[in-house]
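Those protein sequences? They're chains F and W, same order as listed.
Each residue of the first sequence is one higher than the one before, counting from 1 in the working numbering.
Each residue of the second sequence is one higher than the one before, counting from 1 in the working numbering.
In case anyone wonders, no lab produced these hints; they're calculated from the structure.
In this text, all values refer to a predicted model and were calculated from it rather than measured experimentally.
You may find that some hints are simply not true.
To be verified - To give a feel for the contact side, a few chain W residues facing chain F, derived at Cβ under 8 Å:
1. Leu-43
2. Gly-58
3. Glu-102
4. Tyr-105
5. Gly-107
6. Pro-108
Cβ coordinates follow ideal geometry from the N, Cα and C atoms, glycine included.
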Amino acid sequence: AQSVAQPEDQVNVAEGNPLTVKCTYSVSGNPYLFWYVQYPNRGLQFLLKYITGDNLVKGSYGFEAEFNKSQTSFHLKKPSALVSDSALYFCAVRDGAAGNKLTFGGGTRVLVKP
Amino acid sequence: NAGVTQTPKFRVLKTGQSMTLLCAQDMNHEYMYWYRQDPGMGLRLIHYSVGEGTTAKGEVPDGYNVSRLKKQNFLLGLESAAPSQTSVYFCASSGGIGSTGETQYFGPGTRLLVL
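Work the whole structure out from these sequences, hints included.
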């Protein structure tokens, strides 16, 4: 069975500093990986995905993620964090079987302080 | 495009009551999903559908039923609500398999409190 781990419940960073949110995965076959963001009392918004190709994936709002097959990781990064980036971030992996199902990590809360 | 919409936004039920949550999408997506979100547990898949008239169980299906009579709608039913079903429920849809169809798009959520 596939799984996703987000080892940090919360990440605190000062505005303007680099932001990294960690994600590791376990899956048989080729991984399809996703990052979503959830703002308070809102649904999940798609940030970016890795399907195949370049290991560095660029997404919305200046976020990017690096796929590392040997370390089975897909960390989310942003070079310069904004206060408005404070939110809950979810990593997910697609089930290769029927249904295009996603398995989500537990989420990481990001707090960007001014 | 409204994307994915959910009705109602918030509901309070008493134990044993029933209710139906409605999800609608206007993106002509084949696949639809119901998740529940509980603190510290991420999102867990309840049921999903790969097309009109089809449904399948997800990770936590017990206590829920679903129907997909129309392509654009996906209904989630609770026949006899229990306090353990207090949660935030999210609906999502996707275009299916393929590099552009992989992405799931989420509705705003329904907050359910069962007393």
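Taking the least C-beta to C-beta distance, is Glu-102(W) closer than 8 Å to chain F? Check passed: Cβ of Glu-102(W) comes within 6 Å of chain F, closer than 8 Å.
Would the hint on Gly-107(W) stand, with a C-beta cut-off of 8 Å toward chain F? holds, 5 Å
Would the stated hint for Gly-58(W) survive a check requiring a Cβ distance to chain F of less than 8 Å? holds, 7 Å
Min Cβ distance, Pro-108(W) to chain F: is it shorter than 8 Å? holds, 5 Å
Close enough to count: is the Cβ of Leu-43(W) nearer than 8 Å to one in chain F? holds, 5 Å
Can Tyr-105(W) be said to touch chain F, with a Cβ gap under 8 Å? holds, 7 Å
Of the hints listed earlier, there is not a single one the structure fails to meet.
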